[in-house]
Amino acid sequence: MTSTQSPPDAAPVGPPPLAPPARRRGRPGRVRVRDRGMSRAFRWLATGAGALILVVLAAVAVFLVVKAWPAITEPTDQLVAEVPWLHGASSLLSFVGPLIFGTVLAAALALLIATPIALGIALFISHYAPRRLAAGLGYVVDLLAAIPSVVYGLWGGLVLAPFVQPVWSWLGETLGWIPFFSGDVSPTARVLLTVGLVLAVMILPIITAVSREVFLQTPRLHEEAALALGATRWEMIRTAVLPFARSGIISAAMLGLGRALGETMAVLMILSPGFLYSFKLLVAGQQQTIAANIAAQFAEASPMSVSALIATGLALFVITLFVNMTARWIVSRRKDFSGAN
Amino acid sequence: MAQRIDVKDLNIYYGDFKAVADVGMAIEPRSVTAFIGPSGCGKSTFLRTLNRMHEVIPGAHVEGTVAVDGVDLYGADVDPVAVRRQVGMVFQRPNPFPTMSIEENVLAGVRLNNKRISKSDAADLVEVSLRSANLWTEVKDRLNRPGSGLSGGQQQRLCIARAIAVKPQVLLMDEPCSALDPISTLAIEDLISELKSAYTIVIVTHNMQQAARVSDRTAFFNLAGVGQPGRLVEIDDTGTIFSSPREQATEDYISGRFG
Amino acid sequence: MTTADLSSTSSEFRALITQVDKRRHRKDRTMRVLIWGAFVLAMIPLVSVSLTVVVHGMQKLDLDFLTHSMRGVFGGADAGGIYHAIVGTLLITLFATLISVPIGLLTAIYLVEYGRGSLARAVTFFVDVMTGIPSIVAGLFAYALFAVFFGPAVRMGVVGSVALSVLMIPVVVRSSEEMLRLVPNELREAALALGVPKWLVVIKVVLRTAVAGIGTGVTIAVARVMGETAPLLIAVGTIDSINTNLFSGRMMTLPVFIYQQYQQGLVPCTPGQQNCIPTINYDRAWAAALTLIILVMLLNLIGRLITRFFAPKNLG
Numbered sequence: 001m002t003s004t005q006s007p008p009d010a011a012p013v014g015p016p017p018l019a020p021p022a023r024r025r026g027r028p029g030r031v032r033v034r035d036r037g038m039s040r041a042f043r044w045l046a047t048g049a050g051a052l053i054l055v056v057l058a059a060v061a062v063f064l065v066v067k068a069w070p071a072i073t074e075p076t077d078q079l080v081a082e083v084p085w086l087h088g089a090s091s092l093l094s095f096v097g098p099l100i101f102g103t104v105l106a107a108a109l110a111l112l113i114a115t116p117i118a119l120g121i122a123l124f125i126s127h128y129a130p131r132r133l134a135a136g137l138g139y140v141v142d143l144l145a146a147i148p149s150v151v152y153g154l155w156g157g158l159v160l161a162p163f164v165q166p167v168w169s170w171l172g173e174t175l176g177w178i179p180f181f182s183g184d185v186s187p188t189a190r191v192l193l194t195v196g197l198v199l200a201v202m203i204l205p206i207i208t209a210v211s212r213e214v215f216l217q218t219p220r221l222h223e224e225a226a227l228a229l230g231a232t233r234w235e236m237i238r239t240a241v242l243p244f245a246r247s248g249i250i251s252a253a254m255l256g257l258g259r260a261l262g263e264t265m266a267v268l269m270i271l272s273p274g275f276l277y278s279f280k281l282l283v284a285g286q287q288q289t290i291a292a293n294i295a296a297q298f299a300e301a302s303p304m305s306v307s308a309l310i311a312t313g314l315a316l317f318v319i320t321l322f323v324n325m326t327a328r329w330i331v332s333r334r335k336d337f338s339g340a341n
Numbered sequence: 001m002a003q004r005i006d007v008k009d010l011n012i013y014y015g016d017f018k019a020v021a022d023v024g025m026a027i028e029p030r031s032v033t034a035f036i037g038p039s040g041c042g043k044s045t046f047l048r049t050l051n052r053m054h055e056v057i058p059g060a061h062v063e064g065t066v067a068v069d070g071v072d073l074y075g076a077d078v079d080p081v082a083v084r085r086q087v088g089m090v091f092q093r094p095n096p097f098p099t100m101s102i103e104e105n106v107l108a109g110v111r112l113n114n115k116r117i118s119k120s121d122a123a124d125l126v127e128v129s130l131r132s133a134n135l136w137t138e139v140k141d142r143l144n145r146p147g148s149g150l151s152g153g154q155q156q157r158l159c160i161a162r163a164i165a166v167k168p169q170v171l172l173m174d175e176p177c178s179a180l181d182p183i184s185t186l187a188i189e190d191l192i193s194e195l196k197s198a199y200t201i202v203i204v205t206h207n208m209q210q211a212a213r214v215s216d217r218t219a220f221f222n223l224a225g226v227g228q229p230g231r232l233v234e235i236d237d238t239g240t241i242f243s244s245p246r247e248q249a250t251e252d253y254i255s256g257r258f259g
Numbered sequence: 001m002t003t004a005d006l007s008s009t010s011s012e013f014r015a016l017i018t019q020v021d022k023r024r025h026r027k028d029r030t031m032r033v034l035i036w037g038a039f040v041l042a043m044i045p046l047v048s049v050s051l052t053v054v055v056h057g058m059q060k061l062d063l064d065f066l067t068h069s070m071r072g073v074f075g076g077a078d079a080g081g082i083y084h085a086i087v088g089t090l091l092i093t094l095f096a097t098l099i100s101v102p103i104g105l106l107t108a109i110y111l112v113e114y115g116r117g118s119l120a121r122a123v124t125f126f127v128d129v130m131t132g133i134p135s136i137v138a139g140l141f142a143y144a145l146f147a148v149f150f151g152p153a154v155r156m157g158v159v160g161s162v163a164l165s166v167l168m169i170p171v172v173v174r175s176s177e178e179m180l181r182l183v184p185n186e187l188r189e190a191a192l193a194l195g196v197p198k199w200l201v202v203i204k205v206v207l208r209t210a211v212a213g214i215g216t217g218v219t220i221a222v223a224r225v226m227g228e229t230a231p232l233l234i235a236v237g238t239i240d241s242i243n244t245n246l247f248s249g250r251m252m253t254l255p256v257f258i259y260q261q262y263q264q265g266l267v268p269c270t271p272g273q274q275n276c277i278p279t280i281n282y283d284r285a286w287a288a289a290l291t292l293i294i295l296v297m298l299l300n301l302i303g304r305l306i307t308r309f310f311a312p313k314n315l316g
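Residue numbers (the working numbering), protein chains in the order written: chain A, 1 to 341; chain B, 1 to 259; chain C, 1 to 316.
Simulated from the structure, these hints should not be mistaken for lab results. Quantities reported herein were computed from a predicted structural model and do not represent experimental measurements.
Below, a list of computed lysine to any residue pairs in the SDA-like style, where the Cα atoms sit at most 20 Å apart:
1. C/Lys27 with B/Asn113
2. C/Lys204 with A/Trp44
3. C/Lys27 with A/Pro243
Generate the whole structure from the sequences, applying the supplied hints.
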């Protein structure tokens, strides 16, 4: 353990149980600091904590699978008999389907509303607002993120929904020929469009914060190059800032999407749920999201119901995992044209 | 396509701070004028007022007149964006747009104007601009590759091609060679000598040999001390400045006694 | 060149620098308006949320409300309060902090001081992944974990703490890591050169230097999980009376209380009925929301003040 030179594959004597890869610091010429006693114990402690993160994440996956397993393997007819809210679905999959649809639709709606506004705010703070104001404004937008989601739900249900109802009615009357706005407009506005609006407010800060950072990183050189060619401010942003920030913008939107997919309370408190593959945004009782469904059913669920709910939770976990990893992958992907000089 | 520049009683401020004071000079068309002087003497700041680029920094403003061909750039009806199209600029560090190809970089300024430019016209403009920048033979086979893939000297010549593609009257260069190796520097200096037949060129340089090599006239800037505004000490034919300057400060600077 | 020539080229040049391309300028101005508009638009929900919460919340929020539980309160009676929910929120969040801070901080230390190779890369990657776990999934995980050992009916405060920890650990790791990386390497080397063992260098030099920033990060992480509702709803459940034992029985928390009151909706009062307020549940929800927001903002403020007052000042 006190070898000063560590060959790449030196097998540690009495290794910390969870940390064998940490020993492979085979950088040539790198001299290992001798450590013993407390120093060694402390290193193991820290390494153990790092490894614990991996254990926890593995545990999340394992325990979810373990608890979801009964519902996944149960024959469908028995499952439907035992789980009241399956609504006679022919299989667990055909039940999860509309939920996934509703989840993705709500999140996509939120993203569609939030992204342009968030980019506008980010540009405002990075390139338009007076310098002295900019920092304070950034802080104000961050405040939006500090408000708990249940408060947004309360506000959405009691303030926003009654407020937007006439607007939705008008939309339904004038633009009813568009499939999204067709159908009988709900008199309570507890519909997906209202949910999308609230979710948009909730993901605004994260998209703003990430894209603002990228905008501020645009090299001054490139901005001045554009200006010196006779570009207006907006043309400068279009030629120098936006192309530079493209991958950052995409990953910001993906992070926002990840948030919107997993958001529970705003949906639970506003949406009048349904289990259809429906694009009708102004009609009540059409869609439901995975997260809100879990929260709504969990309290009174039988063990088999809980198992089925956890199975849907697993699906949500996989979807958000996919979205978030794609976001990270986009950030880390650097190509010729990425702007990383 | 080259214009004379007359500067009268120009004061430049950053907020309340006076950065450059009382500059007056005439810059001749179809010639190279070099600005030399110690760091912080305001020569780059002054250069940026010639195409109103200094306005990019919040709080920067000027008093006095900068007249190009008798027209004051700071007149009430003048559009700074239009000024920058007529007075092009090349920066200290080469700055091709990293997300654009070589061809797109050259056309960047033209495309801004939203003018539909036919494919053949665009190709011609790219070729003419790159030839004027002595870059055509080196890049003609890879016009679709990113500009950031070129060497530093090539990138700088690409930036010059980009600047002249919008057909400016005047070309400002802010220490265009300070980030380049000696061979690339030589290539740029040759290019400057060729370009002066068509453009009024103003170049800021730290390198006195460079000023002596490329310029027809040289202006020496200096500042009395930290916190004091920079001033124009004298401007004269380059030969005169380097052999028998009128001011003692110029001679001290040129002979390497300070700066 | 004659004077006539000069003036003609002169006016030509004047035309060149004064001519304004209408389309480009209109577009520039449109975009400026849109971008300002986006900002103003985003202020509307912020102002609306804070105003309504404050205005509605003030009506019910008083000492009585803060010091009573909901035990034995029913119908539209103008009684009851959130004492039990405040106690629950504080205990559960405190325990979550006790779990998260050591793990998160040690992981950050591992990443900054020791981490190299594939384990470090894996930890960094999975901390990112953890940041994206939906809160309801964290709740399900905590429930599943405890249900395996205690049976399916498990509802305890500690389950909620574990769920919150899953959400809190990655935030603590990220912010602490950032702070530790800000500590200049010269400090470490100077201490090591004096013969101080590595672990003491980490504790006495690195942590001491970064402690303010870490404190800020932890406080803001606490503020964030304090408002979490969904995991507590499924892992801790609801109750009307005070429970201070994290390890036995359901507990009430502020966010869940808000949701519960909202869910109960309007009370059907018969006309002329004494002591019956139809909107009492909403009033309680607003007042609880105001309390929660005050707590969260207070933590955010404290977090920022920590940096301001405790950051080492004479540091190069």
